[in-house]
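Quick mapping for you: the protein sequence lines, in order, are chains X and D. All residue numbers for the first sequence refer to the numbering used here, where the first residue is 1 and numbers rise by one. All residue numbers for the second sequence refer to the numbering used here, where the first residue is 1 and numbers rise by one.
These are computed hints drawn from the structure, not numbers from a lab. Note that beta-carbon positions come from the ideal geometry of N, C-alpha and C, so glycine has one too.
Stretches of chain D that chain X covers, calculated by requiring three or more beta carbons in the stretch to come under 8 Å of a beta carbon on chain X: (1) 53-64; (2) 71-83; (3) 108-121.
So the chains spell out like this:
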Amino acid sequence: MLGATLLLALREIRRHLMRSILTTLGIVIGVAAVVTMVTFGNGVTSQVQDDIASLGSSNFIIWPKNDDRSSGRPFDLADVAAVEQQIAGVETAAGNIGSSATAFYNGQDLKTSIVGVNTNFLRARSLRIAEGRAFSSDEEIAGRNVCLLGDRVRQEIFLPGVSPIGEDMRLGDVSCTVIGVLETRGQSGGGEDLDDRVYLPLKTVQRRFRGTTDIDYFIVKYDSTYAGSAIRASLTRLLRERRILEAAEPNDFNIIDTAQINEAVSETTGTLTAMMAIIASISLFVGGVGIMNIMLVSVTERTREIGIRLAIGALASEVRLQFLTEAVVLCSLGGLVGLILAFGATYVVTEAMNVPFIFNPAINIISFLFAAVMGVVFGYYPARRASQLNPIDALRHE
Amino acid sequence: MASEPLIQLEGITKTFGTGSAAFQALKGVDLTIDRGQFMAVMGPSGSGKSTTMNILGCLDVPTSGVFRFREVEVQELNRDQRSLLRRKYLGFVFQGFNLLSRTSAVENVELPLLYRGEAKAVRREAAMHALDQVGLAPWAMHTPAELSGGQQQRVAIARALVTDPDVLLADEPTGNLDTERSVEIMELMCELNAGGITVIMVTHEEEMAAYAKTVVHFRDGLVERIERGARSGTILDGTMKKGKG
Chain X
1 MLGATLLLAL REIRRHLMRS ILTTLGIVIG VAAVVTMVTF GNGVTSQVQD DIASLGSSNF
61 IIWPKNDDRS SGRPFDLADV AAVEQQIAGV ETAAGNIGSS ATAFYNGQDL KTSIVGVNTN
121 FLRARSLRIA EGRAFSSDEE IAGRNVCLLG DRVRQEIFLP GVSPIGEDMR LGDVSCTVIG
181 VLETRGQSGG GEDLDDRVYL PLKTVQRRFR GTTDIDYFIV KYDSTYAGSA IRASLTRLLR
241 ERRILEAAEP NDFNIIDTAQ INEAVSETTG TLTAMMAIIA SISLFVGGVG IMNIMLVSVT
301 ERTREIGIRL AIGALASEVR LQFLTEAVVL CSLGGLVGLI LAFGATYVVT EAMNVPFIFN
361 PAINIISFLF AAVMGVVFGY YPARRASQLN PIDALRHE
Chain D
1 MASEPLIQLE GITKTFGTGS AAFQALKGVD LTIDRGQFMA VMGPSGSGKS TTMNILGCLD
61 VPTSGVFRFR EVEVQELNRD QRSLLRRKYL GFVFQGFNLL SRTSAVENVE LPLLYRGEAK
121 AVRREAAMHA LDQVGLAPWA MHTPAELSGG QQQRVAIARA LVTDPDVLLA DEPTGNLDTE
181 RSVEIMELMC ELNAGGITVI MVTHEEEMAA YAKTVVHFRD GLVERIERGA RSGTILDGTM
241 KKGKG
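Same shape as in the complex, but just chain X (with noise of 0.2 Å):
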């Protein structure tokens, strides 16, 4: 019986196939939103988190407060010196300061990002060196001309398969040799692209790319058994220290938690996408009341034929069946087109926007199921309806 009701529900659909695309449409447009959205959002979601443990973990960054009418005291080395030795529980503080050049080769040019750090800076982000050396101590204390590139500068101008390794190439001015290449990092939440890059020693960038001996922000990595409060509280007093700031004054620097950027992002991006399920959701509530509509309309056409069904003895429950499979069949086949669009959109938008496309099967079972549920709430009253025909009524039918 419930074979040949099944079969009985497809061909309706398959009779009225144009209605049934247009009445499915709405659902399959919902389940599609709702299972691009989340399984986007988790890439999106899952890339940040990478994105903030490759800062590694039990570290803060520390930069001057900017307010409206001057940028910040700047912090020079003296500070993160300081830092790395009179605070107990310290590993290591390397300070950063950027810059911006176009990098020449061999005729080839490239305008991209410099950036001047020490190899305590790179260990403490888990930069790893692909090929090639770090520099050396004697290199960062005498800020000499050498450089680690990104793996895309590496790319775009020094030919495949020819090691850039003790190459001179030039930075806007300034000449310098190649000693080593990063591993690739991809793209960073903010979409910049951390391989295109160039790393010389700090000295040499603040001497000269930006001729000042500040730093932009440092990065102050901790022993993970010390709690991060205490380290927190030791830096702000011996920051305000160094800064004179009088007890009354607010700190004119920012200390952030990795952790802690961690688990705001978490929480954003997870609100977002919990935001964005839910306008889809909605999509997918309306494409349940297109199917309600078309149910109806169903009934009416078909109320001669209830009526044959009932005189030739259907029971009332055999004839609401009939009418809320055809319903949940209608709604399962859009759930599912649904779903092999969702999965072709994810693919299409994960691959444009480098987020890392996770696929998630709970969502998609879930999104099948509601679509399936959409069905049995919406097709109910109809079939009802159909159900609760007076035979001889609906014999007379025309």
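Fit chain D to the given chain X structure using the hints.
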């Protein structure tokens, strides 16, 4: 033929609507129908014959009175129980054929068996047998739109008898057919009746009523008179009626 009461109507009344708009369609109908009977029901419109048929077909219940079918008091049954009764013991033939459109003849005939939960192979075999009985086996795969009126009505008859019912209820079965097709249908009904099926038929055509063993005349919600034995004279003289139509 040995007769035993299959259907008994006692003091059946039926009122539609309530209050001042109430209309009493049946005012106390008493009728006994024996097994193997072929009964024609006649009467002007509004006389209560359709209401009686609906009650006999277990599609409707009387307002008061007793309707006994196979010793079951039908007025006591609920909707689903009456459905089961129809499914098991009754076959319907309507004036408008009432076949499912865009569904082949054989599938139309299979329909009642579907609700009986018969397996597909059993359904198909029984449906083909029923179509064969009405002479339509070669048209099994045609849809109603591809069949003539007479053929459609024969499909409907096949559908009614595929379950091997006790009673065949026919509401103006020849109403939409020309005389020649009508005669074919009536002869088919006579054959089925001879095979043991009780036939109850509403008609307003004297010629068709003439095929019945008994003719019941309704007037103003009551049985006016019952004529018996009308059939014997007509069956020998089937050709005569073609001229009249």
